[in-house]
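Enquirer: From first to last, the protein sequence lines are chains A and B.
Residues in the first sequence are numbered consecutively from 22, following the numbering used here.
Residues in the second sequence are numbered consecutively from 735, following the numbering used here.
Relax, there's no trap hidden among the hints.
Okay, derived cross-link-like pairs now, DSSO-like style, lysine-lysine, Cα gap no bigger than 27 angstroms in a straight line:
#1 B:860 <-> A:263
#2 B:804 <-> A:263
#3 A:262 <-> B:810
#4 A:262 <-> B:853
#5 A:161 <-> A:263
#6 A:263 <-> B:838
#7 B:837 <-> A:31
#8 B:816 <-> A:262
#9 A:27 <-> B:838
Chain A stretches covered by chain B per the calculated footprint, using a threshold of three residues with CB under 8 angstroms from any CB of chain B:
#10 257-267
#11 337-349
Here are some chain B residues the structure puts well away from chain A; computed CB gaps all over 12 angstroms:
#12 759
#13 797
#14 982
Derived by calculation from the structure, the hints in this document are not laboratory data.
Positions of the beta carbon are idealized from the N, C-alpha and C atoms, including for glycine.
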Amino acid sequence: MIIPYKYILKKTAAFVAVLYGAITLNFILPRLIPGDPAETVYSTIIREGGGSVSPRYLHQLAAEYGISNAPMYVQYYNYLVDLAHGNLGISVAFFPEPVSYILYHALPWTLLLVISSIAISFFVGNRMGRYAGIHRNSIKDLSMDMFAMFMASFPAFVLAFIVLDIFALDIKLFPIGGAYSIYVNPGFNIPFIISVIYHAVLPVLTIILTSLGGWELGMRNNIIPNINSDFISYSENLGFKKYQVNQIAYRNAILPNLTGFAMSVGLSVSGVIIEESIFSYPGVGLYMITAIDDLDYPLIQGIFLMVIIAVLVGNFIVDILYGFFDPRIRQESE
Amino acid sequence: MEVNHINAGYESENGYISVLKDVSLTVNRDIILGIAGESGSGKSTLAAVLYNSFRYPGTIRSGEVIFDGKNLLKMKPNELRKLRGTEISFIPQAAMNALNPVKKIRLQFYDMMIAHNIKENDFDSKISSSLELVRLQENVLDNFPHELSGGMRQRVVIAMSLLLSPKFIILDEPTTGLDVMVEHDILLDIKKIQRTLGLTIVFISHDLPILFGISDAIVMMYGGEIVESGDYEDLLRNPAHPYTYQLLKSIPLIGTKIDSSMIMKGIAIDFNHIPHGCYFHPRCNFAVPKCSDIHPELKQTDGKTHLYRCNRYPEWSRNAKLEAIGT
Ligand SMILES: Nc1ncnc2c1ncn2[C@@H]1O[C@H](COP(=O)(O)OP(=O)(O)O)[C@@H](O)[C@H]1O
Ligand code: SF4
Ligand SMILES: [Mg+2]
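Here chain B stands alone, though its shape is the one from the complex:
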């Protein structure tokens, strides 16, 4: 998937609020691309645009999303409908409430296959293979959604998204609201399924440890912009943007005491009052006066796939190393 120059935002009483600003990215086949950023950085907006499910008051001003050579944003509704669930799938943020409360799970699976004109003879075999993927017993089929635990419901949603073998899946904070152990299990399963079926996944989360744990490549979002992107190892070892660095540093490790220098200061950007210059400068530990004037462009590091948006790279990272030695 190829995403080019997306500008999108929301209509409001005070006019258009721009959220995504010139977002471009490439999702390579057979990998998990993680999209990270604090709440309110525009991740869900981006996910909805990628899936062409962005609805009013959301508006797309410009850009294209190329999937299999076609622009999803220009596709006819029925053509797009046929693609959904069969070629591409979306697992939403509130996945726990994604199932119809008054229908048994089995019938919801049937509906999905009726929608895509699957032969009735194939219904049961398709259902059992997708349940097997998410390690669910067939008896969940005779339950209503509210009779299942959160984790099981989540697995049902994943099974339903995988039912007709789509190759490309977008997951927007798919484990919100689950407890840590369940979340961990589901993430491991997602990773395993991705590897065995050769899926391409866009995985969105505000939780850096989870994201770095599961992703092959990472995109960092701040204020509706991409501020850094690249291989997960590059970002982890040599972050090129202070936002990535500060977020990584704020992750408490087992056995260390939390001190104030580790806590990420400030709050996420308010899209009504976007700062001048670098959007991150009010919270950046390495900001210099020019940072409040000059809005940095997205640049490449020496490694070709590693992009960053900062006026002071690599200077700041040397300071960071000194700082680390000093303490």
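So here's chain A without its partners, still in its complex pose:
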């Protein structure tokens, strides 16, 4: 195996640059939005506690939220230092929990949903697309295409409600919410793992169903020009076996779908937000809904940053993989 060092170095530099840009944007954007979180907490305390808050406390709150009248570059410097220490501020809605603490507990659940659903959907969808492409314009292909198109255009939340209604409420085959049963001990033990899988089935299934069609159609459309390409007809002319020919077409067709894979990481994270709220799944999405309801800027910001990082990391990984899979790409960059 050749390791494309130069290519990896270039992609890493680009990744770091874009990441830095995103982090900076995350600093600028909230400062352009009117209102400040300290005031939100303040009014919440007034509303819920019915009491009053001293100006001194308000000032202290403001300091907690990093809002100050200090010059921008000082604020920016402090922001970067905080970030480096994993300090994303204090949540408003879950005051006084730090945002990083909330994310730390919610993120694994979201990752579980995202990674398992994308992996399954990518694999199954590409296989379906390969099958449809090889049997292009036959009944098998057309019916598969119709299914894929129907599924891809079906709104995710509607499907989620239907799935929830049928499998959780009507036939009660799966739980209606949560990530694991209250009767198991969280930890590395069989009952817990089974419970986790059991609770993840419906949300994962829903995400798979809505994303499968995209892979299927993408693969089908990529593989057809490959099947008609010179190197495919040449391998047929040399008497390659059917499975070898299909494999060559498939491998060349999956490369563009890898790019789609990176983009889908970002899309899935946003899709997952909806799923989590419908299935009451304790991931980042569920917190996001609460955060928006309560104008919890620090939490929104933290989640925003996390989604951006997820998308960038996804893209970065795919770029690197691409370099290993497609020798032409890495040469172009040298």
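Here the structure of chain A is known, so what remains is to put chain B with the ligands in place on it, guided by the hints.
Expert: Relative to the frame of chain A, chain B with the ligands by itself:
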């Protein structure tokens, strides 16, 4: 190989377009048969039919291709697959893009041998002997196709086609896109390989000098028909069809000035509007009125193997000689 009465063409929105019309020919063993004709005369169509790799919208209406006593066009897919690469081979027109872009050359050779159930112990010896034939170093095996020059890629394709020692090979414009020196080298090698291994080759090209340089026998195609065929020397010395004559005359020789009489007039036939009578009459320098009415049959000259399709042979060739003396 024996090719009998092939009629083939393409399905299109306006119905079937007939390209090959009653094409019959015999390819003798151990020779290079050259198929010549301008672009669009139906050479690639014929090549694909010979190899039974003609695919929709291409359609074969009738005819047979007999190879080793069997009709290739009627063979079961798996039987045909086993034959390909081992008994017969095909080097396509766009040979430069014939290799899988994302796999190293070595693995592509391996795939070929896996396809034909070759023992793994024999892999390396087979590869080195076929690379030796095309004069390539073994280090190309560790390259991806795009890392090689056009000429080297072409040699890899030829090596792969020869890997399992087929005896019959079809090459359709195998040197398209290569520069002249590289092309020349490869052609010499092909000829040498053919002689040493005793291969039978069908070599297709629109380039007459190349074709006459390499072939033992020639078939001239015009408008999807064979218009002349025979020994390469017969065609070169005594062309019996004005198309052959005019094409040969249009080849500039070193040291001569090009004048307008040497340039082949007109354009290749449009298969949607085929002329009446002799297909070539609009461009023929020797056409007479009957040529636009009577479609000539394929006839033999005195030499038994020399066939031609012209209403005015040998009259026209006498005129041609007079013309040559006059100038
Ligand atoms: N895929 C196709 N669909 C329809 N017509 C085609 C197709 N390929 C070739 N033809 C027709 O067949 C004719 C002969 O083409 P071809 O056999 O490729 O000629 P050559 O190889 O001599 O240049 C062309 O003039 C074109 O009109
Ligand atoms: S038949 Fe007539 S038009 Fe055709 S090639 Fe002969 S002389 Fe020319
Ligand atoms: Mg051609």
